[in-house]
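Using the sequences and the accompanying hints, generate a full structural model.
Chain order of the listed sequences is A and B.
Using this note's numbering, the letters of the first sequence correspond one by one to residues 1 to 72.
Using this note's numbering, the letters of the second sequence correspond one by one to residues 1 to 577.
There is no bait here: all hints are sound.
One side of the interface only, derived from the structure: several residues of chain A facing chain B at Cβ under 7 angstroms:
1. Pro8
2. Met9
3. Ile40
Estimated spans, in silico, between C-beta atoms of each pair:
4. A:Pro45 x B:Leu179: 46 to 56 angstroms
5. A:Pro45 x B:Asp467: 36 to 46 angstroms
6. B:Arg18 x A:Glu60: 21 to 31 angstroms
7. A:Glu25 x B:Glu175: 46 to 56 angstroms
No lab work stands behind these hints: they were computed from the structure.
Glycine included, every Cβ here is placed at the ideal spot set by N, Cα and C.
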Amino acid sequence: MATEVYAPMQGKVVELLVAAGDAVEEDEPIMSIEALKMKITVVAPQDGTLSEFCVKVGQEVEGDTVLALIED
Amino acid sequence: MKQYFQQMPQIGRPLKDREIARSEQSVGAIREVEARVAAHVERVKHSGLSTEQINERGQMTGWQRIDYLVDEGTWCPLHTLYDPGQNEEGTTGVIDGIGKVGGRWAVVIASDNKVLAGAWIKGQAENILRVTDLAKRLHVPLIWILNCSGVKLTEQHEVYPNRRGHGTPFFRHAELNQLGVPILVGIYGTNPAGGGYHGISPTVLFAHKDCNIAVGGAGIVGGMSPKGGFDVEGAKQIIEAQQELRAKPPGTVEVHHGSTGFFKHVYETEEGVLDGIREYMRHMPAFDPGFFRVAEPKEPLYPVAEIARIVPADQGKDYSVEQVIARLVDGSEHMEFRPGYGPDMYTGLVKVDGFLLGCIANRQGFLGAGYPEYADYPGIGGKLYRQGLIKMSEFVTLCARDRIPLLWLQDTSGIDVGDDAERAELLGLGQALIYSIQQTALPMMLVVLRKGTAAAHYVLGGPTANDNNAFSLGVPTTEIQVMHGETAAVAAFARRLAKEHKAGHDLGPVVDKMNELVEQYRAHSTPDYSALRGFVDEVVRFDDLRRYAVAFAGAVHQNPTSICPHHQMLTPRVIRG
Numbered sequence: 001m002a003t004e005v006y007a008p009m010q011g012k013v014v015e016l017l018v019a020a021g022d023a024v025e026e027d028e029p030i031m032s033i034e035a036l037k038m039k040i041t042v043v044a045p046q047d048g049t050l051s052e053f054c055v056k057v058g059q060e061v062e063g064d065t066v067l068a069l070i071e072d
Numbered sequence: 001m002k003q004y005f006q007q008m009p010q011i012g013r014p015l016k017d018r019e020i021a022r023s024e025q026s027v028g029a030i031r032e033v034e035a036r037v038a039a040h041v042e043r044v045k046h047s048g049l050s051t052e053q054i055n056e057r058g059q060m061t062g063w064q065r066i067d068y069l070v071d072e073g074t075w076c077p078l079h080t081l082y083d084p085g086q087n088e089e090g091t092t093g094v095i096d097g098i099g100k101v102g103g104r105w106a107v108v109i110a111s112d113n114k115v116l117a118g119a120w121i122k123g124q125a126e127n128i129l130r131v132t133d134l135a136k137r138l139h140v141p142l143i144w145i146l147n148c149s150g151v152k153l154t155e156q157h158e159v160y161p162n163r164r165g166h167g168t169p170f171f172r173h174a175e176l177n178q179l180g181v182p183i184l185v186g187i188y189g190t191n192p193a194g195g196g197y198h199g200i201s202p203t204v205l206f207a208h209k210d211c212n213i214a215v216g217g218a219g220i221v222g223g224m225s226p227k228g229g230f231d232v233e234g235a236k237q238i239i240e241a242q243q244e245l246r247a248k249p250p251g252t253v254e255v256h257h258g259s260t261g262f263f264k265h266v267y268e269t270e271e272g273v274l275d276g277i278r279e280y281m282r283h284m285p286a287f288d289p290g291f292f293r294v295a296e297p298k299e300p301l302y303p304v305a306e307i308a309r310i311v312p313a314d315q316g317k318d319y320s321v322e323q324v325i326a327r328l329v330d331g332s333e334h335m336e337f338r339p340g341y342g343p344d345m346y347t348g349l350v351k352v353d354g355f356l357l358g359c360i361a362n363r364q365g366f367l368g369a370g371y372p373e374y375a376d377y378p379g380i381g382g383k384l385y386r387q388g389l390i391k392m393s394e395f396v397t398l399c400a401r402d403r404i405p406l407l408w409l410q411d412t413s414g415i416d417v418g419d420d421a422e423r424a425e426l427l428g429l430g431q432a433l434i435y436s437i438q439q440t441a442l443p444m445m446l447v448v449l450r451k452g453t454a455a456a457h458y459v460l461g462g463p464t465a466n467d468n469n470a471f472s473l474g475v476p477t478t479e480i481q482v483m484h485g486e487t488a489a490v491a492a493f494a495r496r497l498a499k500e501h502k503a504g505h506d507l508g509p510v511v512d513k514m515n516e517l518v519e520q521y522r523a524h525s526t527p528d529y530s531a532l533r534g535f536v537d538e539v540v541r542f543d544d545l546r547r548y549a550v551a552f553a554g555a556v557h558q559n560p561t562s563i564c565p566h567h568q569m570l571t572p573r574v575i576r577g
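Below is the structure:
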């Protein structure tokens, strides 16, 4: 089952820190979003495989945008 | 209380390979700053005469004396780059720090006898006052290694007078004695006038056989000629008097050991003086560490050097401060205070070398939906909000009650601003935290991990907490300034820009001034500048942070002025609920 990773706030995706298909652990940084002049790290909410990024670098996102999917 | 402290919950996790790989660029920037700071330190160590020149005179340098005196591996230097007067000598002329001597912690200060024979120079009094205040905060002995030729006469107006001038340390010595903080002084060479008072004001005087201390030295005694001017005959008399006084200056061992008895001990060799002090230190008041330890000391689970891979050199990037704490504290264990409240701040109990400390740190990054609760904008770590300020005041007050010293890890962009923040009482809550800190009478250690900005730099255990902050450390990522340079440039020139624009003038000159201000802010907020001006007491490598924390924890528990029995502590019970 896939868990959706949401954007914490409005901003711009500036960096992907892992690749699709990578195994990730809970609290591991997976991407950076630039907001309020800061680069905010988005972390994996659980252990699993990051199966897909749903956004691209440079894309503007809203606070509830799905950023990635993590499979158990 | 072993159920609380022996095995506390763990914090942090190992770094992933890809995190290590991603940190390489940041680590490179950090190493560049480290190299720059190290070059400054070398320059200070080479100020004045060479070590060889001093050794050829049969003397040791101040640096060599400290090296001989202090127990191996325990020296934590402070104020190495401190030079607020930006002297031509490149130093304040004293060397100081914390270290163990004879197995016990002490604050140690030595005259740098390579520089003008240890003369009083600009900024030295302020350096000494930081040192006497440090001994007071830690309540451990102060050791002086004195070799001071007195005022640099061509700069007397910079060093002799004033409220915090060179006479002030003598009053601080009196204060320390009255507080039960012993001052041991090893005396070398010629110490006239001010040097003489540095010699006489401590508790116990250890003299080298060739030293002297006096109200006035040979120069003054030989120069007392109230004619109102000089002529050749007078000059010859001065030469004659000088030759006589140089051969036998006032205040030698013969007088101050044989007659006055001021010198309690006299030694034939330079090393003998230091051996004598070390032997005395073994008898200074000190609890066995086991008296205050809450658990056996443990190393952190993860290497302290990894902090350089966690705290980014890029001031705009966030990181996990829990990962930093995990690399500083025993066993990477902690007990977090109110984890669900005030997410902008970490507050919790940790152990360092088996001693209990309170730890307060800024969190970074997004703080979660709905926080701060009083506004419709998102909270970003580094900023202080209402709940975080309340939580810190509660934690500080509990630690004061339980006599738990504090370790602050600061990385703050300031207290939240705007009318929402004003209505949420942040101005009052910031000052309330200052009030809470001031009433603790606790010693505190601060690390400015990255940004020290605006009033938040003060309220987060900053060096401005004069009665509490024992010392503040900078690291290669430290940046201390009232606000960011660009913000300051806008604040300073926005009206001028509008005025020039309205008048139809070229905006270029104003823009140039704005960029100059930005550059000035950048240059005046670096780690090395912060050390030079005393914004921090030393800039250290991340690798050394735990050593300093161990020194702090050990020193403050060596002979504290008050005790809370472990089984009567409230903080761990409040945390557990």
